[in-house]
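A.B. asks: Sequences and hints are given; from them, build the entire structure.
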Amino acid sequence: MAMEMKMNLNLKMSQKLVMTPMLQQAIKLLPLARLELAQLVRQEIIDNPVLEEILEEEVDSFDEKNNDDEDSFPETSQDSQEQEIDWDSYFQNNVDQGMSADNLAERPSIEATYKKEASLSDHLFWQLNLTVDSDADKFIGSCIIGNIQKDGYLGAELSEIAEIGQTDEANVERVLKIIQKFEPLGVAARSLQECLMIQARELPEKNPLVEKLIEKYLDRLEDRFLPKVATELKIDINEVLDALHILRKFTPKPGIAFNSEAIDYIAADLVVIKTDKGYDISLNDEGVPDIKINAFYQNLLKTTKEGQTKEYLEDKYRAALWLIKSIDQRRQTIYKVGKSIVKLQKSFLDHGLSYLEPMVLKDVAKDIEMHESTVSRITTNKYIDTPQGLFELKFFFHSGIKSYMGNNLSSIRVKNMIKEVVAEEDGNSPFTDYQMVQVLMRKNAKIARRTITKYRKELNIPPASKRKKIF
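FYI, in our numbering the residues of the sequence shown are 6 to 476.
Simulated from the structure, these hints should not be mistaken for lab results.
Only pairs whose alpha carbons sit at most 27 Å apart, straight line, appear in this in silico BS3-like list of lysine-lysine:
#1 K330 to K297
#2 K182 to K217
#3 K474 to K221
#4 K254 to K233
None of these values were measured; they are calculated from a predicted model.
C.D. replies: Given below as structure tokens:
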């Protein structure tokens with residue numbers, strides 16, 4: 006049977022999403038943290054001469070003529086294509102910006118809340134200069150201090166320090182003993198045992214039992230070993246408990262108190278404000294430069310004839326407009342998501358974690374009529390300051406648990422309830438997972454035992470058998 010081949014020309018209408026450069030840039034900006042956005046904007050100001058930062062004294066005058074500046078530029082063919090982009094598919098314009106941060110009571114800047122503390126090495130060098138007279142010992146001491154780690158422990162062998170200091174190990178050991186008496190006590194130790202022993206020997210009243218526990222029983226100070234320790238020492242168990250009480254006040258990592266780098270400072274992107282009518286939010290754009298189109302280059306573009314210069318200026322002008330619009334859409338989206346979270350979590354704002362409602366991305370996306378992926382991107386690396394504390398926006402998105410009583414409970418809320426039950430239980434008779442089911446049921450939260458077990462493990466709470474206190 007012969008096969009016949011034909012060519013036909015058919016017309017077909019279809020719709021598809023076109024990811025233009027402007028749309029790609031807008032989406033790219035969504036997950037950026039405020040600091041990252043500030044860095045990007047400052048780099049764009051350097052790279053694009055058409056962009057200009059608005060100084061504080063220019064802000065008011067710029068707001069009045071901002072719209073006129075954009076309208077005064079003749080539309081290019083590229084601009085007409087951009088007008089076809091349906092931004093409302095991703096963002097909504099003319100969003101209520103809420104209370105401005107400028108309307109709030111004046112808050113100190115982050116610089117005003119940060120105090121540079123002396124580092125551990127600064128503190129030790131200061132004590133070294135007060136304690137040691139000879140230049141030779143000061144040099145050896147500086148070699149020792151230079152090898153003390155952030156946690157306060159000595160991170161080098163005495164032989165290595167002796168080689169650096171061009172001396173013998175005996176001299177290094179002698180100066181080390183001096184430094185080990187510096188504050189914080191336990192600094193420059195070479196092991197946990199030595200660190201604790203240094204602190205024990207500096208007690209106002211000597212306690213041989215504490216030193217004995219550190220020297221011989223440091224690895225057997227758990228509750229279950231204490232009766233055997235007391236038997237070996239031929240003393241009453243209460244004496245061991247008293248010594249252990251003193252030992253637990255010692256600092257195992259003496260340098261941590263000076264480790265300011267361990268502290269992360271987070272500035273909120275949104276601030277929840279309590280009002281007479283409920284709650285409102287304000288955006289915090291501190292640190293992100295306000296930008297505008299440079300008037301000189303805008304006028305130059307109007308007067309320049311066709312050619313490479315005009316093409317270059319058009320490209321830079323277009324990129325500048327894209328960035329300004331993208332930042333504005335990002336700001337509006339953050340505000341709308343924050344406003345929705347505040348509306349859906351009012352009970353949490355009023356009463357705390359125990360009243361946190363289960364909420365997923367879909368809930369907020371539906372509320373603000375945006376896509377879930379947009380909500381997911383905008384909640385990345387963003388923080389909100391609430392009456393209950395500072396939280397990442399993603400904190401509020403978590404699954405709900407269907408309890409046997411028919412009500413949906415937030416997984417975070419259930420975990421918090423488990424922590425409260427454990428904190429309030431009798432240490433001599435802790436609750437089993439089954440007993441926790443009964444306790445939570447009395448709080449109108451009937452949860453399956455396997456769910457209790459799962460969340461207890463996620464919270465790193467040991468089972469009842471290991472939570473029981475022997476003494």
